[in-house]
Amino acid sequence: MSYIATIIIGILEEGLVYAILALGIYITYKILDFPDLSVDGTFPLGGAVTVVLIIAGINPILTLFISFLAGAVAGILTGIIHVKLKVRDLLSGIIMMTALYSINLRIAGRANVPIFSKETIFENKTLDSLVPESFQPFLVLAILLIIVAFMKLLLDLYLRTKSGYLLRAVGDNDTLVTSLAKDKGTVKIIGLAVANAFVALAGSVYAQKSGFFEISTGTGAMVIGLASVIIGTNLFKKVPYVKATTAVIVGSILYKTCVAAAISLGMETSDMKLVTAVLFLIILIMSGDRKRRVKKSA
Amino acid sequence: MLELQNINKYYNPGTVNEMCLFHNFNLIIQDGEFVSVVGSNGSGKTSMLNIICGSIAIDQGNIKINDLDIANMPEFKRQRRIGRVYQNPAMGTCPTMTILENMSLADNKGKVFNLQIGTDKKKFKFYRENLRTLNLGLEDKLEIPVGSLSGGQRQAMALLMVTMTPIEFLILDEHTAALDPKTAELIMELTDKVVKEKKITTIMVTHNLRYAVEYGNRLIMMHQGEIIIDKSGNSKTDFHIDDILDKFNEISIECGN
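Keeping their order, the protein sequence lines are chains A and B.
Sequence positions in the first sequence follow this note's numbering and run 399 to 696.
Sequence positions in the second sequence follow this note's numbering and run 634 to 890.
Treat each hint with caution, since some may be false.
[Unchecked claim] Calculated cross-link-like contacts (lysine-lysine; reagent style DSSO-like; alpha-carbon spacing at most 30 Å):
#1 B:K754 - A:K636
#2 A:K484 - B:K744
#3 B:K815 - B:K758
#4 A:K560 - B:K710
#5 B:K815 - A:K641
#6 B:K710 - A:K550
#7 B:K710 - A:K641
These aren't lab readings, by the way, just hints derived from the structure by calculation.
Take these sequences, add in the hints, and give me the full structure.
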């Protein structure tokens, strides 16, 4: 395969992994209007849970579900801190993120855990026997596409249910949720649970794809996801028939393209977080999303 | 029947700014009454509504609906029996959701919000018919987000949404104040129609004295946390705007304005 094709596949793979994360952040940032920083802890949480389970010999597909649930639990805790203990939204996320750093280290045992020789959703005997040699370079991409498409459709479907309606209402106008005789706090907790479940799933997929758990992957996860959400939703704002969830996925791939471009311009891996931050700033300025969004309803 | 018994409410208790709003405040509203509440700013009208709905807590006293004390019931639970329309038309609807989705939300009040599909296709006709009663042409715009409607249209929808499911009390908090005179008139007529049709016990706070006199079957005027006029039945029919204005003047002179 040509050099350029390898690069493009690499970008698409990265973009799709982070698209799952971006879908989660779309729920908190765009729907709930909640700047949820616990994401920086739940992304590696998914990875930590996954490597431990895989080393213990659990089915890799099952680890996806368990990571999903672990993320949901973390989201519920952030929600309880915010809703029941009445801590400000930003601080609730920071508290959870900080706590999760140690929890993740506890779960994984140390800051870096490799699973190179183990079976993952991308590398296992079943796949080896099913997939022809010529398709091998596209295998990871194909599996990622299936997972991302499944999660996107699942989210689209959820947002069309009664519970999903209530979730959209609470970010839009929480007075209405109270008027409907529903506790808006509970709805927020549900939203945070779903969002962080998505993020932890992304962490699990990331760990299985890269073949290791690394505690530092969490740093800046929120920024990467947020950048994807903002690029996607702004780009497709005026395009009809494109769902916000689709836009977010495209946004994530575009964001990873920008990062790849920055690296090809001579940046080193140690500059990554700086690239992330600067890119995010540029995106914020260009999209006009930097001011606290004044509610259109007011 | 709604009863407020010996309500005490202080703002900023224990500080130099302590202010007593209600001291042994009492009010009984019988089923089927349509009460208009007038009074100057700061007289406690909106605070009274907030106390009934549970948006603000009371320091002492009882709030009873048919002998059930709801003083410690959280706001969202009280809303099962109460529907409230706010002064701000944006408060009663979700701007980014479509008319259809808003109607579906309102229709599901009192039921569980589970993983069933949010909008029931079988109900389209029912929603259209409901919207048609507003005479605003909204029945043909089901897929439009409510945020793109005008204030008057939104307020009409808000009114429709709170009265869609059975409620015992309708609370109207200056719900025509943010609208132009013509739209306000329209909303007021709609309100009167729906209250009469569904026989909902209603409390309406308003600054429009004409509405207060024209609509409803009981009129209350509040001043400094007390009820200073309470007219119902025939005595309300004989009560005119001038009488209210006289009382307003009397109060201003007392206060030294």
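Now for the hints, and whether the structure bears them out:
1. B:K754 - A:K636: Given that 30 Å is the threshold and the Cα spacing comes to 28 Å, the pair holds.
2. A:K484 - B:K744: holds, 27 Å
3. B:K815 - B:K758: The given pair, whose Cα atoms are some 29 Å apart, holds under the 30 Å limit.
4. A:K560 - B:K710: Holds, because 19 Å separates the two Cα atoms, which is no more than 30 Å.
5. B:K815 - A:K641: violated, 39 Å
6. B:K710 - A:K550: Since the Cα atoms of K710 of chain B and K550 of chain A sit roughly 34 Å apart, the hinted pair is violated (cutoff 30 Å).
7. B:K710 - A:K641: Violated - the C-alpha atoms of K641 of chain A and K710 of chain B are around 35 Å apart, more than 30 Å.
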